[in-house]
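Chains as they are written, first to last, in the working numbering: chain W, 62 to 310; chain V, 62 to 310.
Treat the hints loosely; a few may be bogus.
Identical copies carry no separate label here, and so any pair may be met within one copy or between two of them.
Claimed, not checked - Straight-line alpha carbon distances no greater than 30 Å define the calculated DSSO-like cross-link-like pairs of lysine-lysine that follow:
(1) 254 / 149
(2) 210 / 65
(3) 260 / 149
(4) 254 / 200
(5) 219 / 65
(6) 288 / 110
(7) 110 / 84
(8) 159 / 110
(9) 219 / 201
(10) 254 / 110
(11) 159 / 197
(12) 84 / 114
(13) 288 / 182
(14) 219 / 149
(15) 254 / 288
(16) 288 / 65
(17) 219 / 110
(18) 182 / 84
(19) 114 / 254
(20) 182 / 254
Derived from the structure by calculation, the hints contain no laboratory data.
Protein chains: 2
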Amino acid sequence: MLAKNEFEMPHTITYYECDPTEKLSIDMLINLIMSVSEEQSRSLAVDTKVVAKIGGGWVITNYELQLTDLPAEGDHVILGTRTTAYNKYFAFREFWLKNETGDELVHINGMFVFMDFATRKMAAIPNAIIEPFSSKQVKKIPRIDRPQKLDTEAIDTKQDYRVRYFDIDSNQHVNNAHYFSWMLDALPADFLKHHQLTKMTIKFEREVRYGQTINSQVSQPQPDGDKLFTNHQIELDGDIHAQANCWWQ
Amino acid sequence: MLAKNEFEMPHTITYYECDPTEKLSIDMLINLIMSVSEEQSRSLAVDTKVVAKIGGGWVITNYELQLTDLPAEGDHVILGTRTTAYNKYFAFREFWLKNETGDELVHINGMFVFMDFATRKMAAIPNAIIEPFSSKQVKKIPRIDRPQKLDTEAIDTKQDYRVRYFDIDSNQHVNNAHYFSWMLDALPADFLKHHQLTKMTIKFEREVRYGQTINSQVSQPQPDGDKLFTNHQIELDGDIHAQANCWWQ
């Protein structure tokens, strides 16, 4: 039984959502969880177009992903989301992906802010776009683990990525899922094929635009307890546009 | 009522399947039609894994796309496919995308061959993998419009694309949809935003592999009747890996 602030939908994993490990790729996982939140918003008549009419849009600032496993092609899964809590400026949302027997394979926490289109700055969240979600108004918003910075001397690999036309979605912004593929693609294919992502923290700092060429930088994998740790950043003209930390097994 | 050689499935268009025109992107259209053929194959117990056990795989050689319109985010569509006809070496398959009221927005013809994994060459289609489809055995297979070549002096724009880890699907090959995005991304964003693709013919000649950098070449748009015509090719080390012709309005 779902609470009023929760929403779920079924999905069957397709071959093109999978990567060479034959499991759901991380960038498609992000697309899927964003589509469940978009579906919830649509069901409550506060989707992206409605929010845009109010003069702004939701912007994600941070994600924290916990992964025990990822589904494979043909797997029937349940995608879910909950609008957990919000205060004047921040909305905290959870996402999950469950397998057919109800085991949670992925849990994601995300922090959202409202950007005013006129000022291009963060603004107080308008009541009209948060009330329909039955989220809990709180003073203190839950914290999300933030990635630590990547020191210049720790950078092991750099790879350029030009923002392409099809990286832009129908909201005229670079789809956030591409940050994940730019970050992870900078790791060697052999590493990606033989390691499974178990945790990732990511912080989005600045937008990137069509035609810009970003530089994806990553450290050498280092042991951290029983996991391997990689540190990532997206740089453009000396500015850091996104940071992430990943743990692998 | 579907014939024995036909298969359909419903689909709802998501925001990440759309491009800046706010309609389904061409590369995602290709992913969707490939997933309906994969679903049909799975329903008949002759999916990619079963075919691989026989020692080979289906390879697409040509597509011909006819488009009257494309669906937008949230649209409920029907994806369909028909295994129309086959002979010793070639299998001809049709695909369609219909809107909720049953109008066909997209029709695609595709030609498939069977590649033997041991020889890496085309081989006679094994009975075991074609019979379950109730396709019609014919002497003369229907023809598919082939793209005309792009002359060197007609090349207007060249753009490099490195094959990335996430371009590889769970079958360990570059997902064919990426050829479409490499080809079309080489056109100016402004052209793509203000023109609608109405017809495309594409011929795949050679595979590309992870880490290779292909060059996507395109001619200046030229009037052709009441349409605009663009001519595309994918080059790697002097070899043409794919050719395409597009008509726009």
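Evaluated hints:
1. Within a single copy, residue 254 and residue 149 get their C-alpha atoms no closer than 43 Å, and across copies no closer than 37 Å, so neither meets the 30 Å cut-off.
2. In this assembly of identical chains, residue 210 and residue 65 lie within 30 Å of each other by CA distance neither inside one copy nor across copies; the values are 38 Å within and 58 Å between.
3. For the identical chains of this complex, residue 260 and residue 149 are intra-copy neighbours only, at 29 Å inside a copy versus 50 Å across copies, given an alpha-carbon limit of 30 Å.
4. For the homomeric pair residue 254 and residue 200, neither the shortest alpha-carbon distance inside one copy (43 Å) nor that between copies (44 Å) is at most 30 Å.
5. For a Cα distance limit of 30 Å, the shortest separation of residue 219 from residue 65 qualifies neither inside one copy, at 45 Å, nor across copies, at 52 Å.
6. In this assembly of identical chains, residue 288 and residue 110 lie within 30 Å of each other by CA distance neither inside one copy nor across copies; the values are 42 Å within and 32 Å between.
7. For a Cα distance limit of 30 Å, the shortest separation of residue 110 from residue 84 across copies, 15 Å, qualifies, whereas the shortest one inside one copy, 33 Å, does not.
8. For a Cα distance limit of 30 Å, the shortest separation of residue 159 from residue 110 qualifies both inside one copy, at 29 Å, and across copies, at 25 Å.
9. In this homomeric assembly, residue 219 and residue 201 never come within 30 Å of each other (Cα to Cα): the closest approach is 38 Å inside a single copy and 53 Å across copies.
10. Taking CA atoms no more than 30 Å apart as the test, residue 254 paired with residue 110 passes between copies only; the shortest distance there is 19 Å, against 39 Å inside one copy.
11. In the homo-oligomer, the alpha carbons of residue 159 and residue 197 lie at most 30 Å apart inside one protomer (24 Å), although the nearest pairing across protomers, at 42 Å, exceeds that limit.
12. In this assembly of identical chains, the alpha carbons of residue 84 and residue 114 lie at most 30 Å apart only when taken from different copies (20 Å versus 38 Å within one copy).
13. For the identical chains of this complex, residue 288 and residue 182 are neighbours neither inside a copy (38 Å) nor across copies (43 Å), given an alpha-carbon limit of 30 Å.
14. Within a single copy, residue 219 and residue 149 get their C-alpha atoms no closer than 39 Å, and across copies no closer than 49 Å, so neither meets the 30 Å cut-off.
15. In this homomeric assembly, residue 254 and residue 288 come within 30 Å of each other (Cα to Cα) only inside a single copy, at 16 Å, whereas the closest approach across copies is 45 Å.
16. In this homomeric assembly, residue 288 and residue 65 never come within 30 Å of each other (Cα to Cα): the closest approach is 37 Å inside a single copy and 51 Å across copies.
17. For the identical chains of this complex, residue 219 and residue 110 are neighbours neither inside a copy (37 Å) nor across copies (36 Å), given an alpha-carbon limit of 30 Å.
18. In this assembly of identical chains, residue 182 and residue 84 lie within 30 Å of each other by CA distance solely across copies; the values are 28 Å between and 38 Å within a copy.
19. Proximity of residue 114 and residue 254 under a CA criterion of 30 Å is satisfied inter-copy only: 22 Å between copies versus 44 Å inside one chain copy.
20. Within a single copy, residue 182 and residue 254 get their C-alpha atoms only as close as 40 Å, which misses the 30 Å cut-off; across copies the closest is 27 Å, which meets it.
Going through the hint list in order, the structure does not satisfy hints 1, 2, 4, 5, 6, 9, 13, 14, 16 and 17.
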